[in-house]
Amino acid sequence: MGLVLVVVLVFGVLLSAAVGQLAIAPTEVVGAALEGMGIRTSWAPAADVTTQALWQIRFPRVAMSVLVGAALAVAGAVMQAIFGNPLAEPGVVGVSSGAALGAALAIVTGAALGSVASVAAFAFAGGVGVTLLVYAMARANGRTEVVTLLLTGIAVNAFAGAGLALLLFIGDSAAREQIVFWQLGSLNGTRWPEVAVVAALAAIGIAVAVALAPRYDLLALGERTAAHLGVRVERLRIVSILVVAVLTGAAVAYAGIIAFVGLVVPHVMRLVLGPAHRALLLASALGGAVLLTYADVAARTLVGGAELPIGLLTSLVGGPFFFWLLRRQRSRSGGWA
Amino acid sequence: MTAAIHAREVTVRVGDAVLADRVTLDVRHGELLALVGPNGAGKSTLLSALSGERELAGGLVELDGRPLSAWQPGALARERAVLTQDNQVAFSFTVREVVAMGRSPWRARPEADEDDAVIAESLARADVSHLADRVFASLSGGERARVSLARVLAQRTPVVMLDEPTAALDIRHQEEVFALARSLAKSGSAVVVVVHDLSLAAAYADRIAVLDRARLAGLGSPREVLVPELLEPVYGLDVRVIEDPDTGLPVVLPRR
Chain A
1 MGLVLVVVLV FGVLLSAAVG QLAIAPTEVV GAALEGMGIR TSWAPAADVT TQALWQIRFP
61 RVAMSVLVGA ALAVAGAVMQ AIFGNPLAEP GVVGVSSGAA LGAALAIVTG AALGSVASVA
121 AFAFAGGVGV TLLVYAMARA NGRTEVVTLL LTGIAVNAFA GAGLALLLFI GDSAAREQIV
181 FWQLGSLNGT RWPEVAVVAA LAAIGIAVAV ALAPRYDLLA LGERTAAHLG VRVERLRIVS
241 ILVVAVLTGA AVAYAGIIAF VGLVVPHVMR LVLGPAHRAL LLASALGGAV LLTYADVAAR
301 TLVGGAELPI GLLTSLVGGP FFFWLLRRQR SRSGGWA
Chain B
1001 MTAAIHAREV TVRVGDAVLA DRVTLDVRHG ELLALVGPNG AGKSTLLSAL SGERELAGGL
1061 VELDGRPLSA WQPGALARER AVLTQDNQVA FSFTVREVVA MGRSPWRARP EADEDDAVIA
1121 ESLARADVSH LADRVFASLS GGERARVSLA RVLAQRTPVV MLDEPTAALD IRHQEEVFAL
1181 ARSLAKSGSA VVVVVHDLSL AAAYADRIAV LDRARLAGLG SPREVLVPEL LEPVYGLDVR
1241 VIEDPDTGLP VVLPRR
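Taken in order, these protein sequences are the chains called A and B. If you're matching positions, the first sequence starts at 1 in my numbering and goes up one per residue. If you're matching positions, the second sequence starts at 1001 in my numbering and goes up one per residue.
Incorrect hints may appear among the rest.
[Unchecked claim] Residues of chain B clear of chain A, computed beta-carbon distances all greater than 10 Å: (1) V1018; (2) E1055; (3) E1062; (4) Q1088; (5) A1090; (6) E1097; (7) V1098; (8) H1130; (9) G1142; (10) L1169; (11) D1197; (12) Y1235.
[As the list claims (entries may be wrong)] Just a few of them, taken from the derived set where beta-carbon distance is under 8 Å, the chain A residues facing chain B: (13) A211; (14) A213; (15) P214; (16) R224; (17) A227; (18) L229; (19) R232; (20) L273.
Bear in mind the hints are in silico, worked out from the structure with no lab data behind them. The beta carbon of each residue, even a glycine, is placed where N, CA and C say it ideally should be.
Starting from the given sequences, assemble the full structure and let the hints guide the process.
Rendered as structure tokens:
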């Protein structure tokens, strides 16, 4: 499974780097990538402009799609593990919009001043704030009810939406444009320094999540039994919430709201691999990267001469999927459990 | 010799309600103690106080001579296993995976080498080997109870606490579970079982603790404790205690 995902991902990366306004042969993509690492091959593009287009525009964008997809999918899987519920997802419960609200606040108030790091910091704060809120609101007697979780998500999304609207209202036109970019979600205009920040945060978040994987398995037994088996449940939860906030915040800060990746990917991986979390988290990271890489290719090629926002695409596919999952969950548990 | 579990003046409060009121008892290694009493008498509460799950409002619980507060969670999980009443598993974990989770406290220790053997043996002892590849969530209530018991067995601890392990079981499996608890005690474990069926407790327990409105109303061998004078005020019901013709142990019946 892992190998299949890697192959699909490598193919997607090559495809994503090759397609666009300037069509570039896959061999030239490989050649340019090697050249950038100091290895000259006969595949290297003849024209310097090709190499430059690849390294300045395409490669950072492809890298970002891989990182954002992996981060969002792992964030979803971790959230589902700590809520013990396959319907938990950063976008659905409002973590993504909370992070976007934080980022928008940074833009409008001028706290960011174009600085990549401070927008990320605000997005991170928004993500942490909303995650803590949802955590506090949606739990009762040690478990989370689906209804409470989703209603909390509605409330949080509504509030964040209103906050974003207010910021649009008071912001100048440049800020408005930037905020709209967040709401739609896009990988356009990604630069290497941004990739570096997201890469660092995603690596930390995914590494911590994978290290905690055996404990997530025990959490499936319920928190009382997990505690009897030696898990410090409360500590595990708090660390996990921070992981979710770091991963989601990092992804949202630069790519905007890309919803449902954290819902669809872990669910499909669980169907294929089973629920054990170590394999699930690693496969979700790969699967998320695959999904977003291809979604980005689709976003750039579906409409000739224009680029669809990638967040629109994932929601277009993810929304119906969520609906199906909800129906299935309900019919299985014989009601709203 | 130090008692496996030593509880002294254990008191548990939730708000104004007193759920355990100055309960003092010892459980020795090699002993099966049954906790009985009417609904709401505080059996599960007392068990959760003994397991370290619940904060005490007063008193002390020692495990192997050390107060519960001095145990690290990991070491505690290698010392005592707990079967709770409500056993649900999120996501589609299989029976084998669930039982394997019982081995998690032993991860990265020499004992982990025996994992596969212990898991197979635990599945067999709880009579669920044939369910090993089924998804836990698809099982019946009785099957879930037995699988959860197998998970507790896989933990291989010298102290075992079972909260109504027989609640969802037919009479054959009730007998088997208590025979299993009995054999755990025989092999040196200290076993505490919450149970409603007094005759079942009488047949398998070394001693019985009767709880009445958060207090200990009686503690002793089945013959000492299961007498009408003690049981009738506790349960508010007239009972008849007869002798089992085969074993001579008491059998408790309501007077009808």
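Comparing the hints with the structure gives:
| no. | hint | in the structure |
| --- | --- | --- |
| 1 | V1018 | holds (21 Å) |
| 2 | E1055 | holds (13 Å) |
| 3 | E1062 | holds (18 Å) |
| 4 | Q1088 | violated (6 Å) |
| 5 | A1090 | violated (4 Å) |
| 6 | E1097 | violated (7 Å) |
| 7 | V1098 | violated (7 Å) |
| 8 | H1130 | holds (20 Å) |
| 9 | G1142 | holds (18 Å) |
| 10 | L1169 | holds (19 Å) |
| 11 | D1197 | holds (24 Å) |
| 12 | Y1235 | holds (28 Å) |
| 13 | A211 | violated (13 Å) |
| 14 | A213 | violated (12 Å) |
| 15 | P214 | holds (6 Å) |
| 16 | R224 | holds (5 Å) |
| 17 | A227 | holds (7 Å) |
| 18 | L229 | holds (5 Å) |
| 19 | R232 | holds (6 Å) |
| 20 | L273 | violated (11 Å) |
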